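S.K.: With the sequences and hints as input, model every part of the structure.
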Amino acid sequence: MAADNDPESEVFEITDFTTASEWERFVSRVEEVLNEWKLTENYVEKTSPEKGAYINGSWEEQSLDIHFADFKFYITHHFLKEDCKKENGKSEEDTLPLAMQDLLCMHNDFPPRAHCLVRWYGLREFVVISPGANCEAIISESKCNLLLSSVSMSLSNSGCQVPMFVQIQQKWRRIYAGECQGPGVRTDFEIVHLRKVPSQYNHLSGLLDIFKSKIGCNLLPLPPVNIAIRYTYILQDWQQSSWPQQPPDFDTLLGGEVGGVEFGNLPFGACEEPISELHLATTWPHLTEGIVVDNDVYSDLDPLQAPHWSIRVRTADNLQCLLGDFITEFFKLCCQKESAEEILGRVNAEEEGQENSDISSALSKLTEPAAPVPLSKLSVSSMVHSARRRIRRHRHIDESPLHVDMLNSILLYLFPDAAVEKSSDKEKTTQANSCRPSEQEKSPDDNLYLQLKSAPCNSLTYRLALCLCMVNYSYGGLAAVAHLWQEFVLELRYRWENNYLVYGLTGGSPDLRCCLLHQKFQMLNCCIERKRARDEARKVQEGNRERERKVSGGRASASTTRETPQGKSWDSWSDSEDEFFECLSDQGEMESSHSEAGKDSSKLKADGRLHPYNNMTLLHSAELLYVPVTQEPAPMTEDQLEEQSEVLAKLGTSAEGTHLRARMQSACLLSDMESFKAANPGCVLEDFVRWYSPRDYVEEEVVDEKGSTVIRGELSARMKIPGNMWVEAWDTARVIPARRQKRLFDDTKEAEKVLHYLAMMKPGDLAHHLLPCLLHAAIMKLKQEESVENIPSVEKSIQQAASQANKLLHSANYDYKKLEDFINQLVTMETVITEARSLKAKFAVDEEEENGEAADELEKFVTLLLEEPEVVVLGAGQARIGRIIHRLFINAQRAALLAPVDDDLEPAAESRKIPDFPPPAGREILLRTCVPRPAPYSKALPQRLFCVLMKDEFRLAGAFSADTSFF
1 MAADNDPESE
11 VFEITDFTTA
21 SEWERFVSRV
31 EEVLNEWKLT
41 ENYVEKTSPE
51 KGAYINGSWE
61 EQSLDIHFAD
71 FKFYITHHFL
81 KEDCKKENGK
91 SEEDTLPLAM
101 QDLLCMHNDF
111 PPRAHCLVRW
121 YGLREFVVIS
131 PGANCEAIIS
141 ESKCNLLLSS
151 VSMSLSNSGC
161 QVPMFVQIQQ
171 KWRRIYAGEC
181 QGPGVRTDFE
191 IVHLRKVPSQ
201 YNHLSGLLDI
211 FKSKIGCNLL
221 PLPPVNIAIR
231 YTYILQDWQQ
241 SSWPQQPPDF
251 DTLLGGEVGG
261 VEFGNLPFGA
271 CEEPISELHL
281 ATTWPHLTEG
291 IVVDNDVYSD
301 LDPLQAPHWS
311 IRVRTADNLQ
321 CLLGDFITEF
331 FKLCCQKESA
341 EEILGRVNAE
351 EEGQENSDIS
361 SALSKLTEPA
371 APVPLSKLSV
381 SSMVHSARRR
391 IRRHRHIDES
401 PLHVDMLNSI
411 LLYLFPDAAV
421 EKSSDKEKTT
431 QANSCRPSEQ
441 EKSPDDNLYL
451 QLKSAPCNSL
461 TYRLALCLCM
471 VNYSYGGLAA
481 VAHLWQEFVL
491 ELRYRWENNY
501 LVYGLTGGSP
511 DLRCCLLHQK
521 FQMLNCCIER
531 KRARDEARKV
541 QEGNRERERK
551 VSGGRASAST
561 TRETPQGKSW
571 DSWSDSEDEF
581 FECLSDQGEM
591 ESSHSEAGKD
601 SSKLKADGRL
611 HPYNNMTLLH
621 SAELLYVPVT
631 QEPAPMTEDQ
641 LEEQSEVLAK
651 LGTSAEGTHL
661 RARMQSACLL
671 SDMESFKAAN
681 PGCVLEDFVR
691 WYSPRDYVEE
701 EVVDEKGSTV
711 IRGELSARMK
721 IPGNMWVEAW
731 DTARVIPARR
741 QKRLFDDTKE
751 AEKVLHYLAM
761 MKPGDLAHHL
771 LPCLLHAAIM
781 KLKQEESVEN
791 IPSVEKSIQQ
801 AASQANKLLH
811 SANYDYKKLE
821 DFINQLVTME
831 TVITEARSLK
841 AKFAVDEEEE
851 NGEAADELEK
861 FVTLLLEEPE
871 VVVLGAGQAR
881 IGRIIHRLFI
891 NAQRAALLAP
901 VDDDLEPAAE
911 SRKIPDFPPP
921 AGREILLRTC
931 VPRPAPYSKA
941 LPQRLFCVLM
951 KDEFRLAGAF
961 SADTSFF
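Read in the working numbering, the sequence shown has 799 at position 799, and its numbers run on one by one without any break.
These are computed hints drawn from the structure, not numbers from a lab. Since we're looking at a predicted model, the values are computed, not measured. It cannot be assumed that every hint is accurate.
List of simulated lysine to aspartate or glutamate pairs, EDC-like, C-alpha gap at most 20 Å [to be verified]:
(1) K840 with E853
(2) K196 with D296
(3) K807 with E638
(4) K212 with E289
(5) K143 with D65
(6) K531 with E632
(7) K807 with E820
(8) K72 with E32
(9) K212 with D294
(10) K742 with E529
(11) K81 with E50
(12) K840 with E867
(13) K51 with D109
(14) K332 with D821
(15) K840 with E273
(16) K742 with D535
(17) K51 with E867
(18) K214 with D963
(19) K171 with D952
(20) K781 with E820
(21) K143 with E22
(22) K860 with E870
(23) K796 with E867
(24) K860 with E789
(25) K762 with E342
(26) K781 with D821
(27) K753 with D639
(28) K720 with E686
(29) K143 with D188
Simulated DEER-style distance windows between Cβ atoms [stated by the list, open to error]:
(30) R513 with R887: 46 to 56 Å
(31) Q878 with L898: 25 to 35 Å
(32) A606 with N265: 55 to 65 Å
(33) D317 with E32: 37 to 47 Å
(34) V698 with A622: 20 to 30 Å
(35) E548 with N265: 51 to 61 Å
(36) Y937 with P792: 57 to 67 Å
(37) Y937 with R887: 51 to 61 Å
Beta carbons: idealized from backbone N, C-alpha and C, even for Gly.
M.R.: Shown next as structure tokens:
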């Protein structure tokens, strides 16, 4: 007893029944989410949603993660974005929730491409709770009931009138159970899903029996049931309609390739039929029970008699398009890191291994003479360097990655001037210049290259990109690209060595708005032009000297020889102003002249004048001020400008670095000063500034000692700064005309630098440089094809693509991921254009009916098919387009049943046995009514049953409402 009375031995076990369970936490969390999304604030719509609101409206969603113990769920709120307002004059007790009102709305039955719950129940707002991505499906009946009770509890506690669903069973089955609660009312959402359609419910009569038995109304007679029916027919056989893809041309070098085109054009279109299926939906929107008969014996539902037709198309999956394939394969070249020599060396090694494995084949190649190549198919480089190439590569030209016929065809396309025999250099110059693209012939679209930093259309760079793209895709891939590039560089070197201008390039300095490779080609052309001018001037000089020798009997003195060039008029010198004499005798003469100039500059003879400058006179003499002949600034490409900027930046900000930077930048200024001194003997720095930089010579009116107003001028303040570079350059400038100065632009050195840069370029780098040109060509091709089909959405997409490419291609380093996405956008546009072309061919009207109105109607219909999820056929089967669709189905049915197409070839009885339409692929039947449940005295509430009957699916989605006031 003592032990029992000991307080320390007593143990009390306390159970806290106020602790929340996992189920209660889950319910509480759902309520929190509903309050957070403000779904407990019940608003009432003044009107039901307008017709087409579910299709044209904006659907939005918001989602969160919630947990039931360790099980993860997603809770998602789907809603149609629209303005909701509180309706005055009605109490909440008298108003049904919006979801119940939507059950009876007939304006948006069978919406295409909508959420399945929207299609089945006509809801504009709902909440779905579904298992997480990696969680197992809710299959257990006890778990399903637990979730449904949680939903019911959350809706009741929060007062939310938005319907809430729980996804159960496997996800692919799309089975949702849910509930909607209002003041005194409740709607239960239930779904039945079977693989096969029960025979007794394979028609409207059986489904009506299910619906009536489910609502269990005891009223007699029952209110009429509203019915909406939609049958869908699928057309998959396009054998009777042509596919308008360009067939191969077997008469050309590209023969045998689907969509093959000549050089200079990109292929376009799909390699297969782009439209896989056409779905015809025939709808009977407003029927009542008793008007239509549909049972296991007879049916009134004839598709030709349906009041509403709508069409949608399904495109082929993973459609292969020619333009997209060409660009994608070329884009892959940008990632290649091997050099051309490595690629061709590997190919050569493989070929030598094959030759060594077959001795007899090798001996036959040695003994058999090579087939002669026609002279008309030989390019300039192939004629001059063929022997050198064969010796270097140790293989026959026919064994090259690119066949000789194809190689010569490409080179003649790139350099068409090489196909014409020239009798003289003058003819060569005339014809080469005539082959250049004319600025006046360009269309407005050609300015697209400025946005893309590409090259002008029909320029050498543009055509080279197209050729390399085609060679890479169809004629040998990477090895063929390397081979063609080597031959191309050889052709450029040949033209440099023989003073032939490069075809397809405008004259002048490199255009920095174009891609770098185009600038390099222009730089090479500049070098050729300077070299040609110098050679021509040398020939003229030598001819003048020879004539003078003949006149003087061959006794020309050294002084006469030196004066001969100046005896020629300056007009002829101006044509070859890049001719410069750098011989020692001339240099000594100029040095002595310069030393004399220091003593008396007025004794020098003027040289290198163009024309007087605005009738100005020199400040210290009465001589006119002449504009001198000057050297043109050295042309530079953008990489040279960047290199020069880096060199100048590395000099730093010190005094010495600043001085050296100024000296480096004043080479052109010094040359112009020397030319000015030669053209204006006795001039001073102020005279040069008046011509070269008038703003740095300030003039003002002053009153002299005699009281008269005179104009006096002086150098600007910046010219008077001590150590000014202009003053220093003027003091060091000698009296030398432009033609005797050292060249500012060494064309020989620059040309060799360009050729070396091109020869060392890897195929991957080449593709990188030419990618803007290829994308430019692709956009132009899309514009050309779209203008034929006239698709507004594609036209807008092309404009957006050009703007996007402008940003992508102007960056220093390409973002290859974004470029890949951009190429996919171009492929999408090509696909849409191809689909439009195919649809127009299939919906073409009869020749006797063809007119402007019919063509416009067809074009609008095809455009809507591409832009809208579903297009209504106005007039249904009785309209022009309806008759065309009917004819397509008839042809497909007869082809499937092997029946003759012509009605005259078969008896009328046989023709009637062939149905115009196949059995419907899908049948959707919507039943609606409003009856009191569960008792006759209950409030009349909406009831709805959506039925789907397909070959391998039977689905019933029911929404059954009940009055809970007397539960």
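S.K.: For every hint, state whether the structure bears it out.
M.R.: Outcome of the hint check:
1. K840 with E853: Distance of about 15 Å is within 20 Å: holds.
2. K196 with D296: holds, 16 Å
3. K807 with E638: Distance of about 18 Å is within 20 Å: holds.
4. K212 with E289: Between K212 and E289 the Cα gap is close to 12 Å, so the pair holds against 20 Å.
5. K143 with D65: Judged against 20 Å, a Cα distance of about 19 Å means the pair holds.
6. K531 with E632: Since the Cα atoms of K531 and E632 sit roughly 14 Å apart, the hinted pair holds (cutoff 20 Å).
7. K807 with E820: Status holds; Cα separation ~14 Å.
8. K72 with E32: This hinted pair holds, its Cα atoms lying about 17 Å apart.
9. K212 with D294: Given that 20 Å is the threshold and the Cα spacing comes to 17 Å, the pair holds.
10. K742 with E529: Satisfied, since the Cα-Cα distance of roughly 18 Å is no more than 20 Å.
11. K81 with E50: Judged against 20 Å, a Cα distance of about 13 Å means the pair holds.
12. K840 with E867: holds, 15 Å
13. K51 with D109: holds, 9 Å
14. K332 with D821: This hinted pair holds, its Cα atoms lying about 13 Å apart.
15. K840 with E273: Distance ~13 Å between K840 and E273 Cα, so the pair holds.
16. K742 with D535: Status holds; Cα separation ~17 Å.
17. K51 with E867: holds, 19 Å
18. K214 with D963: holds, 15 Å
19. K171 with D952: Between K171 and D952 the Cα gap is close to 17 Å, so the pair holds against 20 Å.
20. K781 with E820: Cα-Cα ~19 Å, so holds.
21. K143 with E22: Between K143 and E22 the Cα gap is close to 13 Å, so the pair holds against 20 Å.
22. K860 with E870: holds, 14 Å
23. K796 with E867: Answer holds: K796 to E867 is near 13 Å, not above 20 Å.
24. K860 with E789: holds, 11 Å
25. K762 with E342: holds, 10 Å
26. K781 with D821: holds, 19 Å
27. K753 with D639: Roughly 12 Å separates the two Cα atoms, so the pair holds.
28. K720 with E686: Satisfied, since the Cα-Cα distance of roughly 11 Å is no more than 20 Å.
29. K143 with D188: holds, 18 Å
30. R513 with R887: 46 to 56 Å: holds, 54 Å
31. Q878 with L898: 25 to 35 Å: holds, 30 Å
32. A606 with N265: 55 to 65 Å: holds, 58 Å
33. D317 with E32: 37 to 47 Å: holds, 43 Å
34. V698 with A622: 20 to 30 Å: holds, 23 Å
35. E548 with N265: 51 to 61 Å: Taking Cβ atoms as reference, E548 and N265 lie about 57 Å apart, which means the hint holds.
36. Y937 with P792: 57 to 67 Å: Holds, at about 59 Å.
37. Y937 with R887: 51 to 61 Å: holds, 57 Å
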